[in-house]
Amino acid sequence: MKFLPLVIANLKRHKLRTLLTTLSVTLALFLFASLRSVVTTLSAGSEVSSASRMVVQNSTAFVIPLPMSYANRLSSVPHVKAVTWANWFGGKYGDGKKFFAQFAIDPASYLAMYPEIQVAEDQKQAFLKERAAAIIGEGLVRSFGWKVGDNITLQGTIFPGDWTFTVRGIYHATLKEYGDDQFMFHYDYLYEKYPDRVTPGWFIMQIDDPTAAPGVAKTIDDQFRNSNAPTKTGTEKAFASGFASMWGNVKLLMSTIGMAVVFAILLVTANAMMMNQRERTSEVAVMKTVGFSDRRVFGLIIIEAAVISLTGALLGLGAAALLPIVTGFGQGGFLPGFHVTIGTMLFGIAVALLLTIASGVFPAWQAARLPVVQALRRVE
Amino acid sequence: MALVEIRNVYKSFKREAQTVDVYSGLSMDFEEGSYTALMGPSGSGKSTLLNLIAGLDKPTSGTVRVEGSEVSSMTSAQLAPWRARTIGFVFQSYNLLPVLTAHQNVELPLLLTNLGKKERAERTEIALGVVGLADRMDHFPRQLSGGQEQRVAIARAIVADPTLILLDEPTGQLDSKSSEEVLELLRRLNDEFHKTIMIVTHDAKAADRAKAVLHLEKGVLLERSQLSGAGVAT
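In the order they appear, the protein sequences are chains A and B.
If you want our numbering, it's the position in the first sequence, counting the first as 1, plus 154.
If you want our numbering, it's the position in the second sequence, counting the first as 1, plus 322.
Hints were generated in silico from the structure; no laboratory data involved.
Treat the numbers as computed from the prediction; the structure is a model and nothing was measured.
Every residue gets a Cβ at the ideal spot worked out from N, C-alpha and C, and that includes glycine.
Calculated cross-link-like contacts (lysine-lysine; reagent style DSS-like; alpha-carbon spacing at most 25 Å): (1) 278/A - 235/A; (2) 439/B - 166/A; (3) 380/B - 540/B; (4) 283/A - 347/A; (5) 372/A - 235/A; (6) 527/B - 499/B; (7) 156/A - 440/B; (8) 235/A - 391/A; (9) 156/A - 439/B.
Here are some chain A residues pointing at chain B (derived, C-beta under 10 Å): (10) 160; (11) 164; (12) 165; (13) 167; (14) 437; (15) 440; (16) 441; (17) 443.
Work the whole structure out from these sequences, hints included.
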C-alpha cells in the first residue's frame, strides 16, 4: 500500500494519455463483451430449442411460403404427432423505431406446441375466441405499456394496410431465450385480408421420438422434392440458428471480424503502455540507485499496467452489461434474452489480464534488467 | 578498519572494438567521517569510482569493501537493500522524479524500510528541514530552482541515514550562489552529523570545502591534499 502513491503519481504523469489508454481498453472490452454476447445469445437460442420439434421451410428461401395443403400431408408422416404453422408479419408500430417480431399463428395448435409460452387460461380462451385478438409478451408491456383490452394498430409492410388488434393475453416465457417481446395473432385474420397471398411461412411439427428426426426430415424433403415448393426440414435448433443469421452469417461476423477489431485496439493500447514505460528509463535507474530491487521495479510497472487494464475492463464490461438495460437492445425478437453472461465477464477479465501481461511484462522485464550505470550515463 | 577499502581494482570498458582501461590496480581507503573531493580531468575514473563503491558497477578484478562487506561480489538482489541502507547518492542533474513532490521524492528511500507512515513523514520533514526546504515539501521539482532541486536530492540521500554519501558533480549545473548553499550544506552534514562524504567535482571551490582532495588521472592517484581533516589513505 505504501507504494500506491508512487503508482498513482506515475499514472497521473500524462493524464490524457492514461485516460485515452484506459478508454481504449474500455472500448475494446465493451466490443468484446457485446459481440461475444451476441454469439452466446444466438447459441443459447438454439440450445433451448426443443429436440422434439422440427421445422419445415421452403428450401429455396426462408421467406418463400409453403402451401397450406402440406399441413395434412405432414401430419401423416410417421413419428409426427402434431403440426402447426406461422407467418412472419413484419409490421411496424408508430414511427417504427422500436422493432418487435410479429407472427401470424394458428392459435390452438401453436400454443399447444409451445409450452414455453405461458398465458393465463382465461386470457388464452379470450384470445382463441376472437379473430382480431393478439397475445403479447411481457417485454412489450414493459416497452409500450400495453395492457389487456388495448387496441393496437400495426402498419403492414409485407401485407399493406392498417391492422388493428385487441390485446387479449399477455404471455410469460418460461425460458428467457424464447423471448418475451413477441406479438402473436390469428393466422386466419391475415388470411382473410389476403387469401390469394397468405399461406404458411413455415410449419412446426412435434415428433414422438427425437432420434427419429433425421429420418422424418428425409421422408418429408423427399416427398416434396419435385413439387413447386420443395422443403427443407430440420430440427428447431437448426432453424433457430438459421433464423438468427438470416441477415448474414452473424456469428462469423461477430466472432472473427469483431474480434480482429478488438485485437487491433488491444495492440494499440499495449503499444501505448509500453511507450509510457520506455520514457522512464532514467527514472528507473534512479530508483535502483536509491535501493529499489529489480523485483520491486518489475512489480510496480506490472501494477501500473494492471490498474489501466482492469479499470478499462471493468468500465467496458460494465457498459456492455448495461447495454440491454439502457438501450432496450435484446427486445424486439431478433435477439431475445440478450445479456452478458458470467462466462463472458470472466473471459473479459482474462483478456484484461492478458493485456496486462502483454503490455506490462516486457517493459517491466526490461526495466528490471536495466544496467543502472548505462542508464545513468544517458541521463548525465 | 577503513569504512571503504579499495584493493587492487582493475576496471576496463569495451568501447566499440577497443578496450579502455580505467584502473590498473587502484588501491585506497576512506575513513569513516571523512569528506573527500575527487578531482581530475574527464575520463580519469572519478565517477566510475563512485559507481563501484555504490555497487552500481563492478570492477573487472579486485575488491571493493564498504563497512567490511564486499560490495564487488554481491548479487543484484543483495545490492538493492544494502544500497538502501548504506548509500546516499546525489547526481549532477538532480534526478528527482518529476511526478512526485519534494516530500514524496525524499520519502522514496524510506518506502524500502519498515517504518510506518507517520515515522516516514517525520523523518522526511527532518531531512527537508536540514536542507532548508521544509516550506517547499509540497512543491514538484518543476516548481523549484536548480539549487532547491539539488537540496531536495541531498535530503533524499540523507533521509535513510546512510553510512556514506556519494555526490557526482553536485554543483555542476548550479549558479555560484546555489553552489555555495549546497557546499555549505555538505560541510554541515560532515561537521554536525558526521556523515562520510565523497564528492566528484571539477570545481576547485567545491574541492576546497572538503577535508581531503584526491587527484586522479587516467585511473591513477596522482596527488593527495590533506586540507583540514584526516580520512584518506593510499
